[in-house]
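Participant: Next come the chains, spelled out residue by residue.
2 protein chains.
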Amino acid sequence: MAALDLITPAGGGTWRFPENEPLRLDSGAVLEGLEIGYQTYGQLNADKSNAILICHALTGDQFVASPHPTTGKPGWWLRMIGPGKPLDPQKHFIICSNVIGGCMGSTGPASINPATGKAYGLSFPVITIADMVRAQAMLVKALGIETLFAVIGGSMGGMQAQQWAVDHPERLFSAVILASASRHSAQNIAFHEVGRQAIMADPDWRGGAYAEHGVQPGKGLAVARMAAHITYLSEPALQRKFGRELKRDGLSWGFDADFQVESYLRHQGASFVDRFDANSYLYITRATDYFDIAAAHGGVLAKAFTGARNVRFCVLSFTSDWLYPTAESRHLVRALTAAGAKAAFVEIESDKGHDAFLLDEPVMDSALAGFLSSAERDRGLA
Amino acid sequence: MAALDLITPAGGGTWRFPENEPLRLDSGAVLEGLEIGYQTYGQLNADKSNAILICHALTGDQFVASPHPTTGKPGWWLRMIGPGKPLDPQKHFIICSNVIGGCMGSTGPASINPATGKAYGLSFPVITIADMVRAQAMLVKALGIETLFAVIGGSMGGMQAQQWAVDHPERLFSAVILASASRHSAQNIAFHEVGRQAIMADPDWRGGAYAEHGVQPGKGLAVARMAAHITYLSEPALQRKFGRELKRDGLSWGFDADFQVESYLRHQGASFVDRFDANSYLYITRATDYFDIAAAHGGVLAKAFTGARNVRFCVLSFTSDWLYPTAESRHLVRALTAAGAKAAFVEIESDKGHDAFLLDEPVMDSALAGFLSSAERDRGLA
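Chains Y and B are the protein sequences, given in the same order.
When we follow UniProt numbering, the leftmost residue of the first sequence carries the number 1, and every step to the right adds one.
When we follow UniProt numbering, the leftmost residue of the second sequence carries the number 1, and every step to the right adds one.
Please note: incorrect hints may appear among the correct ones.
For chains that are exact copies, the list does not tell them apart, and a pair is met inside one copy or across any two.
[Said to hold, decoys possible] Pairs of lysine-lysine, DSS-like flavour, derived with a Cα cap of 30 Å:
#	residue 1	residue 2
1	Lys118	Lys342
2	Lys303	Lys241
3	Lys91	Lys247
4	Lys303	Lys247
5	Lys91	Lys241
6	Lys141	Lys85
7	Lys85	Lys303
If you are wondering where the hints come from, they were derived from the structure by calculation, not from laboratory data.
Produce the complete structure using the sequences and hints provided.
Facilitator: Next comes the structure, spelled out in structure tokens:
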């Protein structure tokens, strides 16, 4: 995507910051000439009080309600965004931006390093969830918005929503956190490490400099995606969806995909490679592994949120999510409450696993709609 | 290991069958000149009624109570085998053989195909759990044993123990099945498929013919092992053992192993490559994925065990095992009971996950000891 110096936010594109507005990262590194790919839906109202920022998940992007430019697939949260839906462009100004480190228009390891004229590759600095939020805060300000009506995110998006509340509570009226956690567990880190090792084991990764060689570590990235994908679904959902169903009549007595679930996973791996950058996968998984909100506050999560006691929170979890189990959401809600913030908590009975937040879950829709309506009244929007 | 034509079973070695005793496989293929690597402990008594066959798990081997010839590590079930332990060489004649398809002395994909003079590689026929058991039954017979006092196995070993009861109930007095299942679930297959894809994605796999090229797909095999290893441990066990502990003071801000759990997984992957053959991993995981005892009996598990109503069963499961959850063991016990067999069931409270059957679980030791003592009395051994 060509970088554009947009002067109007309508619709979105790529926002390029001038060099005197660099992004200072947690690692100490500085990114100059920061670019942020983003999309918007709806219009900012006169008092700029109707802006909602959606934070995307690990492999998500800004095309939350528009066709994906590479795959042509519909926006990934269309079920939540549209006229009459919880997020309604007729009343909300909805923003979604690609995280830094990503590969859909925001500065990331595939971007050209101005110092060398070549793709960053592994010379790109390691980023954190707080860095992603810092970049979003710059974009939101550049769009002329002082305070967000809401920040909303599922999974890694929920990590960003939490980080917004910790780092910029005064710029936030409400926050919705779905299927997320306040720090990565050992098992979370372990699964991500498998994915990273799969990518780095691919000889086409070339120490991260694959772009210079005109190749990409597609096989490694596909394996990483396959492993991760299993963690997005519950065991019962996989069983219900595929069980031991065969692709053909009878077994192949070989190593072709015999079972439907093998076919499905292979497809997930292969199609991911078409739309995602392997180094971005390394950097973004690293950011989530480093994520641990309490760590910077003496290990006490509630302390992190003391500045956010005026923010209205809504925390949603799904019973069959084993990637970020409900207990993690409970832990967050307890901390928010201890910090003095209002926190609604909805645990949704579902067998769909972690990905439930992207799927057909009517209770989630009504919970989100109810929470936002109430917040709109408090904000004087309704 | 050199193939030996052993005439006495004492101690073990490699048993080579004459060409007129081929192994007929479920796929229809035939393996001639079958070799089986095995170990024995103790002495067969006069009426040959004290023999116990231990069936090993996916990446296990026959060195159940002897140092591993490659790694030098102590036997993998020493805690269960020894004087005064549940399996006691002073009273039992204990046999453990490497499964066919394996790489520790039994015929497998790394063996020389007599038809070509080269390693089988992918020309090795796909095998099943029933094929493994068929080979074991040939070995047991060759050792002069008509009836086993017990067959015992955990995980994939438990699948073999079940298959013994289905295919050779008249040659079995009792069977112990630990942390196992009667068929692979969609999630089980999915994790194995990730491992196979990781191996086959490694260019050094060379379509399975890596031996001819003097290489091995070590990186792919290590990734496969890492992914599988996560499924062997429970989330709480990983959290307790590693949490977010760092390897060094502070983060590396790179892709070195920052967290202890990363280091641990990398070590698991790297050390596995030293002792295991990548093609064996493909074949043995395939065998477990194909495993579905009920399938050949109209989908009714109890029907599979109708011939085994005189076999005494002991089924053990662990509460935190998410690879083969307790519900699978319950399902088996219900089927055994419906088939008219005596089945003891012990669900052990443990947070160690699937690998608990290999670890320090005193309740498992006493349950196994109690079951075997009782069976010994019934058998007239005690």
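Participant: Work down the list of hints and note, for each, if the structure agrees.
Facilitator: Verification of the hints:
no. : hint            : verdict
1   : Lys118 - Lys342 : neither (48 Å within a copy, 70 Å between copies)
2   : Lys303 - Lys241 : between (43 Å within a copy, 26 Å between copies)
3   : Lys91 - Lys247  : neither (47 Å within a copy, 50 Å between copies)
4   : Lys303 - Lys247 : between (53 Å within a copy, 26 Å between copies)
5   : Lys91 - Lys241  : neither (38 Å within a copy, 50 Å between copies)
6   : Lys141 - Lys85  : within (26 Å within a copy, 70 Å between copies)
7   : Lys85 - Lys303  : neither (35 Å within a copy, 52 Å between copies)
The structure fails to meet hints 1, 3, 5, 7 from the earlier list, while all remaining hints are met.
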